[in-house]
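Q: Please put together the full structure from these sequences, using the hints given.
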Amino acid sequence: MSSNKKYWKSVEELNENSPVVEKLRQNEFVEEIPTDKFLGDKDSLESSATSRRDFLKFVGFSTAAASLAACEGPVTKTIPYVVQPERIVPGVANYYATTMADGFDFASVLVKTREGRPIKIESNKLAKASLGANARVHASVLSLYDNKRLKRPQIDGEDVSWEELDRQVGGALRSVGGQKVLLTSTMASPSTSKLINEFSAKYANVKHVVYDAISEDAALDAYQMKYGTRALANYDFSKAGVIVSVGADFLADWQAGGNDVSYAKSRIPKNGKMSRHIQFEGNMTQTGAKADKRVPVKPSQQKAVLAAIYGYIVGGAKSNLSPRLDDIVVKAVRQLRDAGSKAVVVSGITDVNAQLLVLAINDALGSEVMDKSNPKLVRQGNAKQVQQLIKDMNAGNVGALMVAGVNPAYSLPNVEAFKAGLRKVDVSIAFSMKKDETAKLCKYIAATSHYLENWGDVQLTKKDFSLMQPTIRPLFDTRQFQDTLLKWSGSETNYRDYIKQTWSGSISSWNEALHDGVFEASSPVVSEEELGAVATPNYSTALRDLATSEESEFELTLYTKVGMGDGQQANNPWLQEFPDPLTRVSWDNYLVISKADADKLDLENPTVSNGALNGSYVNLKVGDNVVKNVPILIQPGQAKGAVGLALGYGKKEAVQKEMQVGVNAYPLYKDFNAFQNVTIEKADGIHEFACVQLQSTMAGRDDIVKETTLEIFNTEDKHHWNPTPEVDYDHNEISVREEKASLWNEFDREIGHHFNLSIDLNACTGCGACVIACHSENNVPVVGKDEVRKFRDMHWLRVDRYYSSADTFKQEQKDLEDLPAFETYDKIENASYDNPEVAFQPVMCQHCNHAPCETVCPVAATSHGRQGQNHMAYNRCVGTRYCANNCPYKVRRFNWFLYNENEEFDYHMNNDLGRMVLNPDVTVRSRGVMEKCSMCIQITQKTILDAKRDGRVVGDDEFFTACSRACDQGAMTFGDINNKNSEIVEKKNDERMYHLLESIGTKPNVMYQTLVKNTGDL
Amino acid sequence: MEKVNTRHSILRLLLISIVVLFSFSQNLLAQDEAAPADQEESADAKAAASSAGGDAAKGKELFNSLCASCHKRYKRSTGPALNGVTSRHDKDWLYRWVKNSQALIAAGDAEAVAIYEEFNETAMTPFPQLSNEDIDNILAYVEQPKPEPTANVQANAGGGESSGGGVSSDIILGVLAFVLLLLVVVLVLVNKTLNRFAAASGVQVQEKESRKPIWKAFVENQFLVIVTAVFLLLAGGYFVYGYLMQVGVDQGYAPVQPIHYSHRIHAGDNEIECKYCHSSARVSKTSGVPSLNVCMNCHKSISEVADASSPNTSVTEEYSKEFYDGEIAKLYDAVGWDPSTQSYTGESKPVKWVRIHNLPDFAYFNHSQHVSVAGVMCQECHGPVEEMEIMRQYAPLTMGWCINCHRKTNVKMEGNEYYEKIHDELSKKYGVETLTAAQMGATECGKCHY
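Sequence lines, in order, name chains A and B.
Numbering (the UniProt record's numbering) for the first sequence: 1 to 1018.
Numbering (the UniProt record's numbering) for the second sequence: 1 to 450.
Note that these hints are calculated values from the structure, not bench results.
Please note that a few of the clues may not be correct.
Straight line, CA to CA, 27 Å or less: simulated BS3-like cross-link-like pairs of lysine-lysine [claimed, not checked]: (1) 621(A) x 391(A); (2) 275(B) x 942(A); (3) 77(A) x 349(B); (4) 77(A) x 275(B); (5) 330(B) x 352(B); (6) 391(A) x 239(A); (7) 652(A) x 440(A); (8) 670(A) x 640(A); (9) 421(B) x 942(A); (10) 429(B) x 740(A); (11) 429(B) x 988(A); (12) 275(B) x 988(A); (13) 330(B) x 942(A); (14) 942(A) x 412(B); (15) 207(A) x 487(A); (16) 77(A) x 352(B); (17) 207(A) x 443(A); (18) 670(A) x 440(A); (19) 682(A) x 621(A); (20) 980(A) x 421(B); (21) 349(B) x 151(A); (22) 412(B) x 980(A); (23) 428(B) x 740(A); (24) 207(A) x 462(A); (25) 429(B) x 1003(A); (26) 980(A) x 428(B); (27) 462(A) x 435(A); (28) 429(B) x 980(A); (29) 421(B) x 77(A).
All of these numbers come straight from a predicted model, not from anything done at the bench.
A: Here it is as structure tokens:
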């Protein structure tokens, strides 16, 4: 029976006579549809000649045309070489050894080229100098194909030919009076030094000033005072037994970086021994995260701590630390003493006194960790000379300024003084790859080439040299700095011959050196005149000065991020999208602040409804310099009163709009001192972060990161600290590794290759070189900040970071067991803000032998290979995303959009230049398909094919993946477990071995090595 | 009914006659295979008799074995054209030059130095082993006058005739069509006349009794309708599926290339090994379109094809010598080679070939795996390339085609150390001596899609 109920939409309707009701009844829509808005105004619509019929005709025609066009396949052209170069075989990669040296990053690298295009950077395993290729070095290949590069020289903003530039500049340099100053980055190149000397001889009154955007002056000056050479101490942490670091983020960019390789070696327990690492620091850093004992102390106190250590070891002033801190220092000192020559103290305090004390302490300890005979020469900047130059410029003493490889108009703390001075310089020349802040202000721009297009020689340390050779012809009409200088010096030789000549007497074989890329020698060029008389070190004054540093409410530590460094590669989308190892935030810099301080200032870091992270803004003030609208990020483990901000962001010139992110912190870098007293005030508004990991703890689960202490590791049975999960079978507990525990039948894996990847959590420093290597090997797209904010990042390999919710991970597990269920959430889901333990864990597709993703794919797009890989056929995938839902490791990535040739994602895959970096052996995925780590099957297949072609067995450790090759630390080992001589078999049988979430029985082919911390009696 | 029958027989007759006529015209076309006489030999013999100084036949032998790599008789090559050399230099000088040209140049002989400089200071190999008589023989051979292109004209005439045959068959067809049309008209007329006669003479043309039309009967029979509908649907489905499955399959694709390169001549007539030009097939995933310098390895000295009179000519009826020579000229133009001065001009124009085999981006294929490791003949996938005048895609290049082969083909393991262990283990597992590629895992998705 039908109902006669009357339904009404509003009370008004009950009133029969209401005019409103009547009106609504007449109108279909409550409000008039704003047709004009989407149809254009009525007049223009009427005046248009296109009628509705015409429109339909057009639609019909275009549909027909489109479908007709679709019937015919496109005609593909192929253009062979006219004369094929002897060494190039299409389809076969060539490798060249060269060197990255951009003034901030120095590394010996191997460059993979295909058909003459560099497509990937790998570190050169022949290199002895401990400067591994970090994430930025791996990403530098993309900067070669940067669309914003200068294409040819310019004068006053107009493109000119090189002849014209040479003529005009030559004339100007000859006629101009006053000083002619070359302001360069650290070149660390013997040939360039020689060349600059010759240039100086040709034009009178030439001065060479070296400027490092991130200054290491304190360390350089201290080293010079103590050892007579302006250089950086070269530490080999693999020899270290006890490492005490006071504010030194030595696993990142501290003192030119590259220490993580030797550090990782000392961290793997061998014969029950590993190094002990104690870290005093303000910001939570990668180094602190790896430490056995981390003590959060603000910068002013770090100085006191260092002074106290000096006092206890060398003698002198008494410690004025709080009893609690003093107790820790005393313990640390005892450890140092016990370790004797295997002990080392390092410090990141940018104060010459502090650096002097560090050298003295190490000297007193008789530390053999520091190699005095072979110091690093990759920082030569001199801040005093730079400041003097700015004064000279403003005084009108400088006639010509040649800026090469640096961008002072962006990176100087006193930019305005520099700009004012530059206006008084008659001849300003920029040698630059980009039309950056400085180049824009210069009259002449000599467009320089990328290091992959250049020749060069680099002196990494006193004894270790590395050669640079071009891997591609200059893409544009550019010329490298040295060639231009040679020309202006009136020389006819090119720089290649010049280097060859420099080295003619010093190395036995040029070709061999070029092939290897690295060689040991002594420099054939006498370094530039020593900088005046060197002050003799006075330790007692140093100690006094250090101990009496003023304290402030907020002390800022300026640091560089692993992804961005000093900001030279700001236009590199791989690096922008690279998540910070600790905060896991990409596309931004921010002020890291402790929870207590944030509460005090009423700052917050809320997670909004779509799961993304937001942050309050603050204004920062150092002296007269103010940086406005800096977003904040509450960092667990941050020392109270200490805040941190990364340099290298906020660049605007020659940076694509999408990548003009973050704030420029250089104005706060007063006197090139990384420690600044700062005042913070809250600003309006809220910042939107693109953070890829908001889950900050493991919530008490022990089969994600397994962690133990060296003591337990040495004394207890494996089942105690690394138990294999057990499952119930026939009312008995059996190991999940037993065959009957599984629902599925085992594949036969005894025959042929079976690949496994081992990740040693002890050696992993979270540096992320593997992430970028994976990016470049596998054509992983960049999705942009907005998409990352929606967790649509495409990284096949991520490095998860976990904080402990209690002081330690063990305590966290105990809390989970002990606390009542309702109280656990708050307790174990939130990181401990005071001083949590931290663990890094690289996670990629685990290539499960019993893969949950395979069973749910409706079209069998993902299937299992006999060699252990979980295959993904993109062309078969229809994008149901069942597999991603069923993956317990969440390693599958879905292409929500077309990320190549799409204006909406205007990164390197959207222009012809950027696409040159793509690996031709790997498919560029399209919209709507799932993708994931393939365990670099293209590389393993190639290794097998090479062996087959040569008719030989594959070598013991011949197999590799992009990530395992990028990991200089040796944290990632890849190999064939059916080859009993392979290193991976050793790893598989290691007591520390476990699988991620093993209890669910997926039987992954990726394994992890339990994290062992040497906490001992700390 | 009878009438219907007769009408049918008429139609059948017409069809048969058309078929017969067509087969005749085919015969006409097939007739003209002309066997050109071997004229050069006789011309040679004649010339040998006429030339006084030496034996041209012996000279030819010597010329071909010693001189031909650098000299041509009538055309400049690495060295000068030799025809007319006796008029340019005296005999004694020639003897000395041939036996040791470098000595002559070193001695400062003006003539010798001039030649040496003209030819980019390329030293001629000395031939001290040749006697004066041998040299006379060679000279006799090279001094034979260039054979007049009479044979060529003849050959062309033959070609003309044959093409005339083609034209005439067209005419015959036209005439036949006209005749047929006439017949139809006549028949219609006759029928009309007969009807008129019948009407005039009062003969009753038997009226057909009106039966239910067959289509109506069909429509009313529901069973038949359903069966037919099902049949039509199935047939439709079959053809639509067949049509759709060939979308994107470019089997037989033979695009016009910027330079007409004949695999028939190179791989067929001259038996050049495929991998001589496609050298990267041995080591790389691509077989590689040969770069132009590879062409010039041979074409530096081969600037024209042998004409039709030669026993080993490559000229066919369809493609004349002029045509092929023109294509070689295109190569010279592209690579920047000046045949008159025998030197590179330095101005090259890369050739934009049309790619024939286009695998989709998501399918990985490696030539070296198949060519070097498996020892698969190129022809297995590319077909009888040595017979293809115009290169075409022989295989469908579909996934099914790949997989079928992987299932059937045994892996070539002999003598390859890589396979030894795997072979032992796998053959034990499967209990067989030979293993197919599929058994080795060559049908796994990830082996070709990544």
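Q: Give a verdict on every hint.
A: Here's how the hints hold up against the structure:
Straight-line distance between C-alpha atoms of residue 621(A) and residue 391(A) comes to about 24 Å, which keeps the hinted pair within the 27 Å bound. Proximity of residue 275(B) to residue 942(A) is assessed by CA-CA distance (about 21 Å); at most 27 Å being required, the pair is judged to hold. A distance of roughly 15 Å separates the Cα atoms of residue 77(A) and residue 349(B); the hinted pair therefore holds under the 27 Å criterion. Among the hinted pairs, residue 77(A) with residue 275(B) is consistent with the structure: their alpha-carbon atoms are about 22 Å apart, no more than 27 Å.
About 12 Å separates the Cα atoms of residue 330(B) and residue 352(B), which keeps this hinted pair within 27 Å; it holds. A distance of roughly 45 Å separates the Cα atoms of residue 391(A) and residue 239(A); the hinted pair therefore is violated under the 27 Å criterion. Proposed proximity of residue 652(A) and residue 440(A) is supported: the alpha carbons are some 12 Å apart, at most 27 Å. Restraint check: the Cα-Cα separation between residue 670(A) and residue 640(A) comes to about 22 Å, which is no more than 27 Å; the hinted pair holds.
Note on residue 421(B) and residue 942(A): the hinted pairing holds, with a Cα-Cα distance of about 19 Å set against a maximum of 27 Å. For the suggested pair residue 429(B) and residue 740(A), the alpha carbons sit about 23 Å apart, so the restraint of at most 27 Å is met. Annotation: proposed proximity of residue 429(B) to residue 988(A) holds, straight-line Cα distance about 26 Å (limit 27 Å). As the CA atoms of residue 275(B) and residue 988(A) are separated by approximately 45 Å, the hinted pair breaks the 27 Å bound.
The straight-line distance between the Cα atoms of residue 330(B) and residue 942(A) is roughly 39 Å, outside the 27 Å bound, and the hint therefore fails. Using a Cα cut-off of 27 Å, the hinted pair residue 942(A) and residue 412(B) holds, with the two alpha carbons roughly 18 Å apart. Between residue 207(A) and residue 487(A) the CA atoms are separated by roughly 18 Å; this keeps the pair inside 27 Å, and the hint holds. Distance restraint check for residue 77(A) and residue 352(B): the Cα-Cα separation of roughly 6 Å lies within the 27 Å cut-off, and the hinted pair is therefore satisfied.
For the hint pairing residue 207(A) with residue 443(A), the CA-to-CA distance comes to about 20 Å; that is within 27 Å, so the pair holds. Straight-line distance between C-alpha atoms of residue 670(A) and residue 440(A) comes to about 24 Å, which keeps the hinted pair within the 27 Å bound. Under the criterion of a C-alpha separation no larger than 27 Å, the hint pairing residue 682(A) with residue 621(A) is consistent with the structure, at around 12 Å. Under the criterion of a C-alpha separation no larger than 27 Å, the hint pairing residue 980(A) with residue 421(B) is consistent with the structure, at around 13 Å.
For the hint linking residue 349(B) to residue 151(A), the alpha-carbon distance of about 25 Å falls within 27 Å, and the restraint holds. Between residue 412(B) and residue 980(A) the CA atoms are separated by roughly 26 Å; this keeps the pair inside 27 Å, and the hint holds. Using a Cα cut-off of 27 Å, the hinted pair residue 428(B) and residue 740(A) holds, with the two alpha carbons roughly 26 Å apart. Restraint check for residue 207(A) and residue 462(A): the C-alpha separation of about 24 Å stays at or below 27 Å, so the hint holds.
For a cut-off of 27 Å, the pair hint linking residue 429(B) to residue 1003(A) stands: about 24 Å separates their Cα positions. For the given pair, residue 980(A) sits about 20 Å from residue 428(B) by alpha-carbon distance, which is consistent with the 27 Å threshold. Proposed proximity of residue 462(A) and residue 435(A) is contradicted: the alpha carbons are some 34 Å apart, above 27 Å. Of the supplied pair hints, the one linking residue 429(B) and residue 980(A) holds, its CA atoms being roughly 20 Å apart against a limit of 27 Å.
At most 27 Å may separate the alpha-carbon atoms for a hinted pair to count; residue 421(B) and residue 77(A) exceed this at roughly 44 Å.
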